Every structure is written in C-alpha cells, then in structure tokens.
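Listed below, chain by chain, are the residues.
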Amino acid sequence: MKKIAYSQTRRSFLSKSATGATAASILPRHILGAPYVPPSEKFGTALIGCGGRGPGTYSQLCKGLDVELVGACDVDTNKAKRFSLARSKGKAETYQDFRRLLERKDLDLVAIATPPHWHASISIAAAEAGMDVLCEKPMTRFVAEGRAVVNAFKRYGRVYQIGTFGRFNRSNDKASILKHKIMSSGLMKDCNAVRMKKGGLKIKQWSGTPGIGPQTIPDTLDWDLYCGPSPWKPYESRRTGGTHRGYWDYEGGGMCDMGQHHFDPEQWTYAKDHTSPVEITPFAPPSHPEVTGMWAWVELKYADGFKFVMESGEWGPSYDRHPVRDVSLDDLSKVDQDKINSMPDPEPLLSFGEAVKQRKQAGGHPEAAHRAACILHLANLAIRLGRKLKYDPDKEIFINDNEANRFLNPPMSAPWRI
Amino acid sequence: MNTKEILNAFPLPEGKILRNIDKNACERAIEQIISGGRNKTREIIDLILEPGNGDDIRPRHAIHATAIRVGGTGKEIERNSFASALASTLNDDRPKGVKGFIIRQLQICGGAKQANSIAHFLNDSEEHLYEYSAQALEAIGILTVEHFRKAYPLAKGAPRLTILQGLGVLQDKKSRQFFLSAMQDSDREIRLAGIWCLMRISSAKDAELMLSQSRKEKGWGRIKATAYCFELAEKLAKNGQSKEAKGIYIKIKKSHSEKQDAYLRESADRGLAQLQ
Chain A
1 MKKIAYSQTR RSFLSKSATG ATAASILPRH ILGAPYVPPS EKFGTALIGC GGRGPGTYSQ
61 LCKGLDVELV GACDVDTNKA KRFSLARSKG KAETYQDFRR LLERKDLDLV AIATPPHWHA
121 SISIAAAEAG MDVLCEKPMT RFVAEGRAVV NAFKRYGRVY QIGTFGRFNR SNDKASILKH
181 KIMSSGLMKD CNAVRMKKGG LKIKQWSGTP GIGPQTIPDT LDWDLYCGPS PWKPYESRRT
241 GGTHRGYWDY EGGGMCDMGQ HHFDPEQWTY AKDHTSPVEI TPFAPPSHPE VTGMWAWVEL
301 KYADGFKFVM ESGEWGPSYD RHPVRDVSLD DLSKVDQDKI NSMPDPEPLL SFGEAVKQRK
361 QAGGHPEAAH RAACILHLAN LAIRLGRKLK YDPDKEIFIN DNEANRFLNP PMSAPWRI
Chain B
1 MNTKEILNAF PLPEGKILRN IDKNACERAI EQIISGGRNK TREIIDLILE PGNGDDIRPR
61 HAIHATAIRV GGTGKEIERN SFASALASTL NDDRPKGVKG FIIRQLQICG GAKQANSIAH
121 FLNDSEEHLY EYSAQALEAI GILTVEHFRK AYPLAKGAPR LTILQGLGVL QDKKSRQFFL
181 SAMQDSDREI RLAGIWCLMR ISSAKDAELM LSQSRKEKGW GRIKATAYCF ELAEKLAKNG
241 QSKEAKGIYI KIKKSHSEKQ DAYLRESADR GLAQLQ
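Chains A and B, in that order, are what the protein sequence lines are.
The numbers in the numbering used here rise by one with no breaks, and the one at position 129 of the first sequence is 129.
The numbers in the numbering used here rise by one with no breaks, and the one at position 230 of the second sequence is 230.
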C-alpha cells in the first residue's frame with residue numbers, strides 16, 4: 001500500500017509527539033479523541049464511486065477542511081485511476097474493492113458517490129472503521145437501510161452529511177423559519193396544508209430501458225461487486241454509468257434521483273425530520289419488474305394532517321384530491337400566534353466541515369436524511385404497489401400489508417447484510 | 001380477453017422507455033390473468049424467454065404486475081392461487097434464467113405453501129438461483145426456516161454463505177451449532193456470517209467466543225466482527241440483559257487497546273453510559 005508523506009501535516013506531528021515513533025507512524029484524526037480540531041490539521045480523505053457525481057461529491061467533502069486525498073475507489077478501475085490522476089496526480093492509491101480502502105489507517109473522511117444500492121452498506125462500514133462520511137443522495141435504496149445507517153453513526157459517534165444542501169438555505173430564510181416554528185410547536189392541530197411539488201422529478205429522463213439482454217462485461221469492471229447487495233442480474237451497460245437510475249435494483253428513477261433535493265429542505269421547513277408519513281396514496285399504472293416508469297401523483301399524509309404531494313407532470317391526470325395551500329400563522333389562534341412569535345429561532349445547521357471539526361451533528365444528519373429518503377421510498381412503493389398504504393413511522397412498517405412490508409427490508413445478496 | 005389481447009395491454013418501449021402506458025387497460029388485463037387461473041398464468045410464463053433470446057417485455061410486465069396486484073389485505077385467495085400457479089411452472093423444463101424470474105415474483109407474492117418449490121433451488125448455483133431462492137424464502141419468513149436448515153449441511157461454494165446468512169436473517173436459534181462451526185471456518189466471509197448470525201439470535205452465552213474471534217480477525221474482518229459485537233451488546237441491552245451487555249462493552253474496551261481503536265473505546269463508553 002502506498003504511503004503518503006505526512007511530514008507536513010498536523011496529524012503527523014501529533015503522531016510523532018505522542019509516540020516518539022518513526023516518521024512512518026500516521027495518526028488518523030479519529031483516534032485523537034479531542035472535540036476540537038485545530039484548523040491546520042490535514043484530514044486523510046477518499047472517494048468511493050469515482051464516476052458521475054463522484055468528483056462533485058468529493059469537493060463537497062473537502063469544503064472548509066485541509067485535506068489530502070489518500071484513496072480513490074471504484075468497481076471500474078479506470079474511473080478510480082482517472083480520479084486519482086485528476087486530484088492527486090496519481091499519488092492517491094486506487095482500489096476496486098472498498099473493503100481494502102477502509103482498512104487504511106490514515107483515512108478520516110470518506111465521500112461516497114456510488115449508485116445508491118451501495119450507499120448504506122458503505123456508509124455503515126465507514127462508520128465502523130471510524131470515518132466521517134459525506135454520501136451522495138438518495139441516502140439509501142430501501143427503508144431498513146436508512147435505520148441501519150442512523151444506528152451505526154449513533155453507535156460510533158461519527159459525522160454524516162447527505163449530499164444535498166437546500167436545507168442550509170431554508171434554515172436561514174425568515175419565511176421558512178416561521179413555518180418551521182409553527183409546525184414544530186405542536187400547536188397546529190388537524191393541519192390542512194398541502195405542499196405540492198409539481199414536475200422536476202425527471203420521470204422520463206430516468207426511466208429504464210427494458211429488454212436489452214446480456215452484454216459483455218468490460219475488462220475494467222467487477223460486475224459482481226457492482227451488483228453487491230442488490231439481486232444479481234446479467235450485465236447490461238445501461239445498468240451502470242448514470243442510466244442505473246432507471247432500475248429498481250439500484251436507485252428508483254427520477255423520484256430517488258431528485259426527490260431528496262426537493263423534499264429534504266421541505267422536510268426541515270415543515271419540521272418532519274423525526275417522523276414519516278402515515279398514509280400514502282398513489283395514482284400510477286402497474287410498474288415493470290426491472291425498470292422505473294410512469295406515474296401521475298402521490299399524496300403523503302402525516303399524522304398531523306399535513307400533506308406532501310408529488311405530481312410528475314409527465315404522465316396521467318393532475319392531482320385533485322385536496323386544494324394546495326401553505327401553512328400560515330393565521331391558522332392559529334391569537335394566543336398561539338403570540339407563542340410562535342416568542343419562540344427562539346432554531347439552532348443554525350452545521351456544515352459537514354464544521355461538524356467534523358467540532359465533533360457535532362451536521363445539518364444533513366442521518367435521521368433527517370433517512371426520513372427524507374423515506375418520503376421517496378414510501379412514494380415509490382405506493383407507485384410500485386398501486387395501492388394506498390398505511391405506515392407506522394415509529395416501527396417503520398406498513399400496517400396490515402405483509403406483502404408491502406417485503407419491500408421495506410428486502411433480503412440482500414450475501415455477503416452483504418445490514 | 002385472449003392471451004394476446006391481455007399482453008397487448010402492456011406497453012412496448014418508445015424512445016427506449018415505457019412512456020405510453022394505459023393504466024385502465026393494464027388493470028383489466030391483470031384481472032383477466034387472475035380470473036384465468038393456472039392455465040392463463042402458464043400460457044404467459046411460456047412466453048418468457050432466457051434473457052437475450054428475444055422480446056418478452058410484455059409477458060414479464062404482465063406477470064410481475066399480477067404478482068404485485070394480488071398483494072395486500074383481502075386478496076389471500078387470489079394471491080395463493082396465482083402464487084401456486086407460478087410455483088407449478090418451476091417444475092417444468094425451462095431455462096434457468098426464466099426460473100430465476102419466476103422465483104423473484106414469488107418473493108413478492110409467494111407464501112409458505114410455495115416454499116417447497118422455491119427451496120428446491122437453494123443449492124443451485126446456475127444463474128444465481130440459490131440466491132433468488134434464499135431471498136424469496138427470507139421474504140416469505142420464518143415458516144421457511146426448515147428448508148435452510150436442511151440445505152445448509154449439503155451446501156458448497158457460494159450457496160453455503162447465502163444459506164447460512166438466510167438462517168441469520170430468519171434468526172434461527174436452532175441453528176446455533178451451525179453458527180458456532182461457521183465462526184471457525186477457513187473462509188473469512190463464512191466466519192463473519194457465523195458471528196453475525198449469533199448476533200442475530202442474541203446469543204449472550206457466545207459473546208466471549210465472538211469477541212475472541214473479533215480479536216483474531218484482521219482488517220475488514222476485524223472491522224465487521226467488532227461491529228457485530230457492538231450490535232449484540234445493543235440487542236442484549238434492549239432485551240434487558242444489561243449485565244451481559246456491560247460485559248461486552250468492557251471487553252471491547254480492553255481488547256481494542258491500540259491507538260487507532262480510540263473511537264471503538266469511545267463507542268463502548270457511550271454504550272456503557274446508555275446502560276445506566
């Protein structure tokens with residue numbers, strides 16, 4: 001394994017000071033244990049999933065931090081090499097198997113930009129190896145994965161940030177802060193607000209292509225490792241390289257590609273970071289077994305009556321079950337309005353970089369990211385199943401629908417498991 | 001509707017995607033498949049081909065859509081009837097790639113009555129049938145566990161790991177001896193699966209062995225084995241076995257004493273704090 005020259009970093013200095021050992025001894029950030037990290041410290045970083053969104057996700061990881069890229073990993077060796085060359089002139093070691101990368105002792109921060117069927121397993125493994133993670137959206141491929149990620153980051157006290165950042169702007173916006181206060185106050189009973197997202201979910205753009213048939217696997221690609229926890233399927237090029245989004249095995253169409261961007265900030269605004277919808281109603285035609293396809297709309301109702309609605313605008317009728325209207329202070333009595341006006345503003349959200357330095361929770365923390373991903377997963381499951389679903393947001397299971405529950409925690413291919 | 005009319009209700013790709021789909025026509029076609037019983041299901045299954053051997057987009061779509069639509073409360077009779085029809089086609093002389101598709105649909109709508117037909121493939125390595133079979137049985141649930149127990153001693157190669165993992169998914173306490181033996185296997189993935197399975201059955205009496213194995217493992221194996229010990233401690237604490245959980249946390253702290261293990265010791269401290 002290639003060793004990085006760490007003689008100029010604070011980490012190396014600390015390592016030598018602490019042990020009096022040789023220059024080869026590298027002390028990773030996560031063993032220091034102190035809550036405060038001096039700004040001069042250099043963090044060892046890596047990117048897993050170097051194609052597509054990879055370089056952008058890695059840049060987000062590095063914001064505000066002094067970093068050194070030590071590893072680049074991709075199931076396609078060409079992609080890892082290209083990234084290492086572009087960002088470290090080839091100094092960063094390249095890997096095809098993320099397990100080997102996570103064994104490194106000089107790694108502190110990991111950016112994950114694989115297709116989503118790998119997000120949870122790699123995020124969990126990185127936490128288990130003591131690393132902080134910035135992971136591309138959507139957070140997961142199914143609901144149980146999200147809970148496992150939440151538990152792992154809690155267990156190991158690691159920092160996690162999902163790769164969408166709209167909530168940071170919302171948390172500085174006066175109108176959004178007011179809505180956040182109203183909805184988090186508990187004063188709004190029988191809320192009749194309906195928040196609509198119309199279009200922008202790239203339904204046709206990220207629909208898959210059925211019936212292609214097996215193709216020759218490129219020499220540089222480990223196809224079995226690509227499939228990983230998802231069901232093994234014969235190789236088709238459209239199952240990789242961006243068009244993977246159109247396959248249920250790896251992502252979940254435009255809903256999962258764009259949904260976390262749209263609904264993560266909405267979830268913060270309407271104070272739903274710690275819960276999920278209780279009733280999901282779809283309008284969609286029967287879905288194909290392999291590829292994502294058309295749908296018209298999905299309504300997701302929370303326990304307090306608040307509703308998110310997604311309307312594709314690309315197929316079928318428009319949503320007409322309830323009028324669209326926003327939350328308003330006028331919905332409350334004068335006494336309750338005064339209570340809202342006297343509430344303090346919510347705590348500022350910490351960026352990933354600040355969270356890493358302060359050893360605090362980032363704005364896009366695991367529970368919030370999981371609940372936002374659940375919005376997409378529940379909507380997609382209602383679309384796939386074609387029926388109204390009732391959901392218990394505490395137990396995270398559907399009520400009285402055993403067949404639907406099979407989709408919340410589908411079995412993984414060994415050796416992958418959560 | 002005859003079979004051709006039923007299938008024509010489902011779309012073919014236009015510009016690579018299934019953009020023009022008629023919901024009502026598809027729903028009517030599904031009703032025809034359900035009411036057509038075993039013969040209609042078989043007719044459509046007969047049109048499904050080995051991947052790459054021709055166009056079978058519509059029959060695959062029709063069968064999958066039916067498997068989905070027979071789910072949910074109040075559809076037990078339709079579901080069992082359709083699942084039985086699907087399972088019966090697994091006995092035919094069909095390409096393994098087609099059987100894989102059928103098993104995957106049984107993962108959606110199958111029940112205990114179809115488990116025997118599915119379990120027949122638990123040790124079949126071709127086209128990953130063992131994997132599809134295990135996953136379908138795991139989805140059906142605990143009533144299928146006997147099939148895993150019977151298949152595991154006979155398993156070799158990739159199916160062995162998959163079947164072992166299936167016993168863990170189903171949290172089968174009767175397989176404890178399998179798990180203990182697996183933990184001593186020469187294959188690291190089998191060893192890790194053994195530890196994971198013991199964690200899944202909350203086997204407090206095996207905690208010492210699990211910890212001992214986690215200390216022996218290197219690299220990735222050590223990362224995962226230690227993680228499973230943490231998870232065991234959490235499960236035991238949740239089950240009210242605080243004393244056993246405490247013992248695990250303390251032993252993790254003692255055994256993971258190297259510099260790079262500081263975060264593990266901190267994690268153990270957090271676990272201990274939560275016990276109080």
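By construction, these hints were calculated from the structure, which means they are not laboratory data.
This one's a predicted model, so the numbers in the text were calculated from it and none came from an experiment.
For glycine and all other residues, C-beta sits at the position ideal for the given N, C-alpha and C.
Any given hint might turn out to be false.
[Said to hold, decoys possible] If you only want the chain B side, here are some residues facing chain A, beta carbon under 10 Å, derived:
1. I34
2. G36
3. G37
4. I57
5. Q107
6. A119
7. A139
8. I142
9. L143
10. T162
11. L164
[Said to hold, decoys possible] Computed beta-carbon distance windows for the label pairs:
12. Q177/B / S185/A: 49 to 57 Å
13. R321/A / E126/B: 31 to 39 Å
14. N91/B / K91/A: 54 to 62 Å
15. T220/A / Q276/B: 31 to 39 Å
16. D190/A / N2/B: 26 to 34 Å
17. A112/B / R321/A: 33 to 41 Å
18. T275/A / K254/B: 33 to 41 Å
19. M343/A / E31/B: 14 to 22 Å
20. I77/B / I340/A: 47 to 55 Å
21. P317/A / S181/B: 57 to 65 Å
22. S181/B / D345/A: 55 to 63 Å
Each hint, compared with the structure:
1. I34: violated, 13 Å
2. G36: violated, 16 Å
3. G37: Where the cut-off is 10 Å and the nearest Cβ of chain A is about 20 Å from G37/B, the hint is violated.
4. I57: Holds: closest Cβ of chain A sits about 4 Å from I57/B, inside 10 Å.
5. Q107: Holds. Min distance 7 Å.
6. A119: violated, 14 Å
7. A139: holds, 5 Å
8. I142: For I142/B, the interface hint is violated, since the closest Cβ of chain A sits about 12 Å away, which is over 10 Å.
9. L143: violated, 12 Å
10. T162: holds, 4 Å
11. L164: The hint holds - L164/B has a Cβ within 10 Å of chain A, the shortest such distance being about 8 Å.
12. Q177/B / S185/A: 49 to 57 Å: Taking Cβ atoms as reference, Q177/B and S185/A lie about 56 Å apart, which means the hint holds.
13. R321/A / E126/B: 31 to 39 Å: violated, 48 Å
14. N91/B / K91/A: 54 to 62 Å: Check passed, 59 Å falls within 54 to 62 Å.
15. T220/A / Q276/B: 31 to 39 Å: violated, 53 Å
16. D190/A / N2/B: 26 to 34 Å: violated, 51 Å
17. A112/B / R321/A: 33 to 41 Å: Between A112/B and R321/A, where Cβ atoms are some 38 Å apart, the hint holds.
18. T275/A / K254/B: 33 to 41 Å: holds, 40 Å
19. M343/A / E31/B: 14 to 22 Å: Violated, at about 54 Å.
20. I77/B / I340/A: 47 to 55 Å: About 53 Å separates the Cβ atoms of I77/B and I340/A, which means 47 to 55 Å holds.
21. P317/A / S181/B: 57 to 65 Å: Hint holds: Cβ distance 59 Å, inside 57 to 65 Å.
22. S181/B / D345/A: 55 to 63 Å: Holds, since S181/B and D345/A (Cβ atoms, about 59 Å apart) stay within the stated range.
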